[in-house]
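Trainee: Each chain, letter by letter, is given below.
Number of protein chains: 4
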Amino acid sequence: MMDATLETLVEKVRACQKACNMCFDACLKEDHMMAECIRSDRECADMCGIVLDFSQRESKLFPDLVAVCARACGMCADECEKHDHDHCQECAKACRACEEACNAYVAAHN
Amino acid sequence: MMDATLETLVEKVRACQKACNMCFDACLKEDHMMAECIRSDRECADMCGIVLDFSQRESKLFPDLVAVCARACGMCADECEKHDHDHCQECAKACRACEEACNAYVAAHN
Amino acid sequence: MMDATLETLVEKVRACQKACNMCFDACLKEDHMMAECIRSDRECADMCGIVLDFSQRESKLFPDLVAVCARACGMCADECEKHDHDHCQECAKACRACEEACNAYVAAHN
Amino acid sequence: MMDATLETLVEKVRACQKACNMCFDACLKEDHMMAECIRSDRECADMCGIVLDFSQRESKLFPDLVAVCARACGMCADECEKHDHDHCQECAKACRACEEACNAYVAAHN
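Residue numbers (this note's numbering), protein chains in the order written: chain A, 1 to 110; chain B, 1 to 110; chain C, 1 to 110; chain D, 1 to 110.
Check before you lean on any hint, since a few could be wrong.
If several chains are the same, the list does not tell them apart, and a pair holds so long as it fits within one copy or across any two.
[Said to hold, decoys possible] Calculated lysine to aspartate or glutamate pairs in the DMTMM-like style (CA-CA distance at most 25 angstroms, straight line):
hint	residue 1	residue 2
1	60	81
2	29	81
3	82	58
4	29	58
Simulated from the structure, these hints should not be mistaken for lab results.
All chains should be modelled from the sequences, with the hints used to inform the complete structure.
Mentor: Quick look at the structure:
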């Protein structure tokens with residue numbers, strides 16, 4: 001049931017959701033305002049959550065959602081890469097890995 | 001803040017989410033198995049839920065999610081239209097209206 | 001199907017979800033860090049979202065979720081009331097009204 | 001950051017969400033109507049989803065949500081245990097393990 005791109009995808013989406021939620025909390029404690037990072041962490045975590053849920057169902061919408069998730073991850077990675085905080089750098093990596101897994105899944109299922 | 005297509009969209013998405021959730025419950029009580037209807041009701045309700053949430057945030061992903069929602073609504077309407085039950089016919093109408101509002105929003109924001 | 005406490009509840013939850021999401025975005029633009037407000041806005045909006053979804057299903061868990069939502073609204077109102085920004089004051093009002101509607105629903109269904 | 005009960009909890013919740021979503025799909029394909037199983041699979045999967053999301057944030061509401069999740073898991077296990085299908089038996093096991101992990105977490109954090 002689980003092909004290789006889906007297995008990788010699920011693993012990367014999980015790591016990405018967690019990194020985004022943790023970066024969200026950590027950004028709220030920084031001295032300087034991290035508005036765009038906070039916003040994109042939340043969006044990306046929400047997209048990961050719905051992708052994980054739909055990955056467990058036989059949904060025809062799944063590839064469409066994965067494509068939106070790729071965009072959310074890309075935007076969150078772009079933002080996190082601007083900041084030196086460890087949590088931002090880790091989140092950027094998780095987002096970039098998730099973006100690649102999403103794109104690989106979409107490419108393999110078109 | 002609310003332009004006309006967004007206002008219509010939100011109204012239609014709300015009605016669609018509710019109709020899908022009610023059709024879901026009602027389908028579970030039918031004598032004959034309504035598998036595809038139950039599945040598409042759930043998916044469409046879930047997509048409406050995330051669209052409503054993102055409609056209240058300043059999200060760059062919103063048009064992408066609205067486009068996926070349009071597809072979910074279209075598939076759910078196609079399925080519900082096959083069945084004579086009142087709840088299916090009402091759900092089909094709510095889904096079709098939501099699909100149109102989604103498509104109008106996407107067209108107006110490209 | 002809709003009794004009076006449920007009807008009021010749904011209306012207040014909708015208004016509260018929207019106020020929380022808007023206060024979230026607005027807080028991100030303030031000069032000073034509004035960390036606790038941002039965090040509680042997100043939590044409260046998420047709880048409202050799941051309550052709205054479950055309000056449309058025949059769920060035995062619904063009163064339990066409404067009780068958690070009451071707590072989320074109370075905590076978000078406590079936080080928003082500390083800040084003079086219009087969006088915080090409006091959010092506090094929406095949260096307090098939602099908290100009351102949640103408590104009224106729980107009291108009427110025990 | 002992750003204590004032992006939380007680590008176990010997250011693992012069990014993930015397995016439970018997946019089992020519920022898979023049982024949901026499988027039930028839709030059974031000859032006989034599996035209405036209550038389908039309904040409780042959906043509810044339990046939804047509760048697991050929000051618990052996973054909140055487990056990654058510093059949320060004061062987390063124990064309350066875990067308590068509701070325990071109830072969702074218990075009800076879903078009760079229902080699935082009635083059916084001989086492999087997917088129902090597996091889902092019942094995942095739900096029961098998740099219920100226990102939820103209760104252990106709540107007991108350890110009161």
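Trainee: When no copy is specified for residue 29 and residue 81, does a C-alpha distance of 25 angstroms or less occur within a copy, between copies, both, or neither?
Mentor: Answer is both; intra-copy 18 angstroms and inter-copy 21 angstroms each pass.
Trainee: At 25 angstroms max between alpha carbons, let me know whether residue 60 reaches residue 81 within a copy, between copies, both or neither.
Mentor: For residue 60 and residue 81, the Cα distance is within 25 angstroms only across copies (18 angstroms; inside one copy 33 angstroms).
Trainee: Up to 25 angstroms between alpha-carbons, please classify residue 29 paired with residue 58: within, between, both or neither.
Mentor: between (40 angstroms within a copy, 12 angstroms between copies)
Trainee: At 25 angstroms max between alpha carbons, let me know whether residue 82 reaches residue 58 within a copy, between copies, both or neither.
Mentor: between (38 angstroms within a copy, 21 angstroms between copies)
Consistency note: the structure conflicts with none of the earlier hints.
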